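Asks: For chain A, the structure is supplied; the task is to place chain B on it using the hints.
The primary structure of each chain is shown beneath.
Protein chains: 2
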Amino acid sequence: MTNTAETAETPAGHDASAETASDTADSTANAGGRGGRRGRGGRGSGREGRRAQRGGGGVQQLRYITRKVAPYEVLSEEGLETIEANADTILEEIGIEFRDDPEALEIWRQAGADVQGERVRLPRGMARKIIQDNAPRQFTQLARNPERSVEIGGNNTVFAPVYGPPFVRTLDEGRRYATLDDFQKIVKLAYMTPSLHHSGGTVCEPVDVPVNKRHLDMLYAHMRYSDKPFMGSVTAPERAEDTVEMAKILFGKETVEQNVVTISLINANSPMTFDATMLGALKVYARAGQACIITPFILAGAMAPVTIAGTLAQTLAESMAGMAFAQLVRPGAPVVFGSFASSISMQSGAPTFGTPEPALVLYGAAALARRLGVPFRSGGSLCGSKIPDAQAAYESANTLLPTVLAGVNFTLHSAGWVEGGLAASFEKLVMDADQLEMMHAMTNGVDLSENGQAMDAIREVGPGSHYLGASHTQANFETAFFRSKIADNNSFEQWESEGAQDAAQRANTLWKKRLAEYEAPALDPATDEALQDYVARTKASMADSFSS
Amino acid sequence: MTNTAETAETPAGHDASAETASDTADSTANAGGRGGRRGRGGRGSGREGRRAQRGGGGVQQLRYITRKVAPYEVLSEEGLETIEANADTILEEIGIEFRDDPEALEIWRQAGADVQGERVRLPRGMARKIIQDNAPRQFTQLARNPERSVEIGGNNTVFAPVYGPPFVRTLDEGRRYATLDDFQKIVKLAYMTPSLHHSGGTVCEPVDVPVNKRHLDMLYAHMRYSDKPFMGSVTAPERAEDTVEMAKILFGKETVEQNVVTISLINANSPMTFDATMLGALKVYARAGQACIITPFILAGAMAPVTIAGTLAQTLAESMAGMAFAQLVRPGAPVVFGSFASSISMQSGAPTFGTPEPALVLYGAAALARRLGVPFRSGGSLCGSKIPDAQAAYESANTLLPTVLAGVNFTLHSAGWVEGGLAASFEKLVMDADQLEMMHAMTNGVDLSENGQAMDAIREVGPGSHYLGASHTQANFETAFFRSKIADNNSFEQWESEGAQDAAQRANTLWKKRLAEYEAPALDPATDEALQDYVARTKASMADSFSS
Numbered sequence: 001m002t003n004t005a006e007t008a009e010t011p012a013g014h015d016a017s018a019e020t021a022s023d024t025a026d027s028t029a030n031a032g033g034r035g036g037r038r039g040r041g042g043r044g045s046g047r048e049g050r051r052a053q054r055g056g057g058g059v060q061q062l063r064y065i066t067r068k069v070a071p072y073e074v075l076s077e078e079g080l081e082t083i084e085a086n087a088d089t090i091l092e093e094i095g096i097e098f099r100d101d102p103e104a105l106e107i108w109r110q111a112g113a114d115v116q117g118e119r120v121r122l123p124r125g126m127a128r129k130i131i132q133d134n135a136p137r138q139f140t141q142l143a144r145n146p147e148r149s150v151e152i153g154g155n156n157t158v159f160a161p162v163y164g165p166p167f168v169r170t171l172d173e174g175r176r177y178a179t180l181d182d183f184q185k186i187v188k189l190a191y192m193t194p195s196l197h198h199s200g201g202t203v204c205e206p207v208d209v210p211v212n213k214r215h216l217d218m219l220y221a222h223m224r225y226s227d228k229p230f231m232g233s234v235t236a237p238e239r240a241e242d243t244v245e246m247a248k249i250l251f252g253k254e255t256v257e258q259n260v261v262t263i264s265l266i267n268a269n270s271p272m273t274f275d276a277t278m279l280g281a282l283k284v285y286a287r288a289g290q291a292c293i294i295t296p297f298i299l300a301g302a303m304a305p306v307t308i309a310g311t312l313a314q315t316l317a318e319s320m321a322g323m324a325f326a327q328l329v330r331p332g333a334p335v336v337f338g339s340f341a342s343s344i345s346m347q348s349g350a351p352t353f354g355t356p357e358p359a360l361v362l363y364g365a366a367a368l369a370r371r372l373g374v375p376f377r378s379g380g381s382l383c384g385s386k387i388p389d390a391q392a393a394y395e396s397a398n399t400l401l402p403t404v405l406a407g408v409n410f411t412l413h414s415a416g417w418v419e420g421g422l423a424a425s426f427e428k429l430v431m432d433a434d435q436l437e438m439m440h441a442m443t444n445g446v447d448l449s450e451n452g453q454a455m456d457a458i459r460e461v462g463p464g465s466h467y468l469g470a471s472h473t474q475a476n477f478e479t480a481f482f483r484s485k486i487a488d489n490n491s492f493e494q495w496e497s498e499g500a501q502d503a504a505q506r507a508n509t510l511w512k513k514r515l516a517e518y519e520a521p522a523l524d525p526a527t528d529e530a531l532q533d534y535v536a537r538t539k540a541s542m543a544d545s546f547s548s
Numbered sequence: 001m002t003n004t005a006e007t008a009e010t011p012a013g014h015d016a017s018a019e020t021a022s023d024t025a026d027s028t029a030n031a032g033g034r035g036g037r038r039g040r041g042g043r044g045s046g047r048e049g050r051r052a053q054r055g056g057g058g059v060q061q062l063r064y065i066t067r068k069v070a071p072y073e074v075l076s077e078e079g080l081e082t083i084e085a086n087a088d089t090i091l092e093e094i095g096i097e098f099r100d101d102p103e104a105l106e107i108w109r110q111a112g113a114d115v116q117g118e119r120v121r122l123p124r125g126m127a128r129k130i131i132q133d134n135a136p137r138q139f140t141q142l143a144r145n146p147e148r149s150v151e152i153g154g155n156n157t158v159f160a161p162v163y164g165p166p167f168v169r170t171l172d173e174g175r176r177y178a179t180l181d182d183f184q185k186i187v188k189l190a191y192m193t194p195s196l197h198h199s200g201g202t203v204c205e206p207v208d209v210p211v212n213k214r215h216l217d218m219l220y221a222h223m224r225y226s227d228k229p230f231m232g233s234v235t236a237p238e239r240a241e242d243t244v245e246m247a248k249i250l251f252g253k254e255t256v257e258q259n260v261v262t263i264s265l266i267n268a269n270s271p272m273t274f275d276a277t278m279l280g281a282l283k284v285y286a287r288a289g290q291a292c293i294i295t296p297f298i299l300a301g302a303m304a305p306v307t308i309a310g311t312l313a314q315t316l317a318e319s320m321a322g323m324a325f326a327q328l329v330r331p332g333a334p335v336v337f338g339s340f341a342s343s344i345s346m347q348s349g350a351p352t353f354g355t356p357e358p359a360l361v362l363y364g365a366a367a368l369a370r371r372l373g374v375p376f377r378s379g380g381s382l383c384g385s386k387i388p389d390a391q392a393a394y395e396s397a398n399t400l401l402p403t404v405l406a407g408v409n410f411t412l413h414s415a416g417w418v419e420g421g422l423a424a425s426f427e428k429l430v431m432d433a434d435q436l437e438m439m440h441a442m443t444n445g446v447d448l449s450e451n452g453q454a455m456d457a458i459r460e461v462g463p464g465s466h467y468l469g470a471s472h473t474q475a476n477f478e479t480a481f482f483r484s485k486i487a488d489n490n491s492f493e494q495w496e497s498e499g500a501q502d503a504a505q506r507a508n509t510l511w512k513k514r515l516a517e518y519e520a521p522a523l524d525p526a527t528d529e530a531l532q533d534y535v536a537r538t539k540a541s542m543a544d545s546f547s548s
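From first to last, the protein sequence lines stand for chains A and B.
Those letters in the first sequence? Residues 1 to 548, by the UniProt record's numbering.
Those letters in the second sequence? Residues 1 to 548, by the UniProt record's numbering.
Bound conformation, chain A alone (with noise of 0.2 Å):
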């Protein structure tokens, strides 16, 4: 039941990296804006025409989504008012803890909340007051090169790449422990990858860096091998420090005060309890105005009822609870509505990902998120297979497809994730982006143009005829249909004669060649030295330690 790598996200640390402000400059991201920003479209829409963009090795990279079909709904509206009436129960009458932080019950007594020990239990309706008085519908997260920021809200999908596994998988070295060369590698093949919008946080754990300073070589990893946005580390209230501190380095000081540049994954500890070590990295970054995730992490059937709408009902309580809270530090704090869902199998205990429920989860949350008016993370290309087989890409599209149909603004997991989350899986990230970008295809839906009602096709072929050789075929024949870069669409024979190579043997083969190809983006050398004097610095000031 604890073979997930998301709960044991504990040994963590992320990158956030310091460019040239100037390159910022054109951006309406406010992260301290409050009420300002609700209902506000934020910028990109007008960016259309730059959906495809140069990126490093000569790879043209996707903007985020933005989603022109509507979200897929599983509950009435009578519905989701139940879920919300009891999200309101639950936190009225049960209460969430809020452990070994005086602090956070001092905030919540000030507040008006009902305190008891740790136990803090609010009024119905007043978490939901607090967020939508306070908390941005939608912001912009920068990222050092202005063409990758990204919009987090609203029509707007972002993904990142898998956060978390302490292990890495290829073909060729099974699977063994991730080191910070491969935390490296992944860093790069995110920034090389077309579908991935964000850089994410602990793509792996480098394991063989001491725990209390590995965040600082992820940090650094991140800020000088990408240029899109990046997480920062959680797992103790320094680390969120250093996180903020080096992406002052790396955006300028003022940019940093002014502007979302870094996103953070606090998980409650579920049911109902938020711990000191995630309550400690929110303070450091609601203070800060950067972003917060407040993700229920659960697997249904331990961390919450074995229900749908008791799954529901809890996650809602729990970050409405995280979301007041960080408002409570810092009003206009921007963050994110999350849900972390799966369920276990009821015989052996262990999670299960890519069936059903945790798809009507995902599809309810994302519309409770939307009704509550705040930006929502779930779903990616989950799985509990060990290997990038049949039953990975069976789950992972059961879970990717909801969660784009659903209406998900942060994808995290979305590339890379094997074995529950406890390893990265190189080909399993080659193979899931293939995937992503189609999401982009999906996501435009259909258009209703001149040139796409083809009238004109249908006329100059008419019966029995083909289309193959029409002039409005060979006018859209670059641009007509989704081409896979795993997929192979040849004949039996022509498959054989190559090998007869399966989809990960194929992969194995393009991730490689994408690495080949890296070339870093460039980076200010004296941002660069500045970044890893930071790094060298606080290192010194520290024992190494591997146990948290």
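In short, the hints are calculated from the structure, not lab data.
All values reported here derive from a predicted model rather than from experimental measurement.
One should not assume that every hint holds.
Heads up, the list lumps identical chains together, so a pair's fine if it works in one copy or across two of them.
Simulated crosslink set (SDA-like; lysine to any residue; CA at most 20 Å straight-line) [as the list claims (entries may be wrong)]: (1) Lys68 <-> Ala441; (2) Lys248 <-> Gln258; (3) Lys485 <-> Gln347; (4) Lys512 <-> Ser497; (5) Lys485 <-> Lys513; (6) Lys485 <-> Gln501; (7) Lys513 <-> Glu173; (8) Lys129 <-> Asp456; (9) Lys485 <-> Gly349; (10) Lys513 <-> Pro210; (11) Lys68 <-> Glu81; (12) Lys68 <-> Gly79; (13) Lys539 <-> Glu529; (14) Lys248 <-> Glu478; (15) Lys485 <-> Ser348.
Replies: Frame of chain A; chain B shown alone:
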């Protein structure tokens, strides 16, 4: 572009078997009923309690799906109207060719169509009116075991196995031409598979039997080795006649005359053409009150424009022409709007599967069928991969989930399809069936009963504890979560110690186990003898042909 088997379904045949007629007395199905069936719910809705039924070999069978979740829509009312108007323009201006069938042209002429040569042009709205005035919205297809009868249309989804492949593939033997023995094995496997509600038709091509005789063996196999509903032969009018005759032996003459006991696949020869073979079979079935699925078989870019909206308009026009023609042949003939649409690689011309564009066509066509008021066939577990690997699974999941969310009523190719339909994979059949089973849980939606809301469980457990031992968890233990029969969710160490198998290897074990446990459903010996006699007599009347 042609390596897809559905087009190559030329040499085919199917089984209709004749059990005691009294089995079917409780059916409200009426193949000949016209306006009267429109708007009625049909039977089945009162049968929730019998959802899981015992089948052969002690396997718990699942009733066809009755969806409790809403269909997903990608087109607005206005968008759908645009496509409907374009379909009318195609029928009015361009017309449809009905080739080598003077009777068909005469039927159209008498109905008031503009017939010039073999080209039939219809005034705007004519096809729609003929269909809406006559075709049933929903109908029951009887199985010889009345517990297995299926309801086609409305909120129901029926899964049938792969159709048409000339090859089979197993892990043990690789890929080879299919035989009658394979055909019988797949029928038995489908019978033993809870989530396959239908025995299908040409589950593979038994190429060891002469083309002009194999439909008899296929029909007999469906009748003898399964008690689920099945499909008719369409490869020649006389084979359709054999289907009806054998059905009369199995079900009794009167039952066949008054009920739908077989459903058959009438493909349009897109673009905008029906050929004499398909028209001949259609006329036989329509006159016998048996169901026809009118399916434009489209690889967009070859048989239709490269755009989604263009493919939809042409699909609607072709399918409406075929369905209206069936109504002219026999008013009230049960018809299904079919859509098989995939895209092609614009580089090689090879068909591609599981890509975004066909999914968008699927959602759109399902909505058009709902507006027309007829059942809809599409989707399945389609893939281009040669083997049951990650490519196969991603592509199949990316077809199946849209199939179910779109609200498809009859799903051919639900399990076993690989290599663009050129091969039936035994391993993939059981892997796909596992996914089909998940769709039952998914389409049940969110349980909002008191037990579903689980507030007592949340109260019982409270902050920082766990739900494993909670009374609510214990009470819902058995049914809480979907249990995969293929996925391995054990720890890495256990999986490794058990041989580090991939999903395909586990599927290999499962299909062999199921075949070993197979027990044929009882069949009245006199009926069996009559069927065998019909097959023998009919075969004796023909010389062998291996060509068409």
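Asks: Against which earlier hints does the structure fall short, listed by number upward?
Replies: Those not satisfied are hints 4, 8, 10 and 14.
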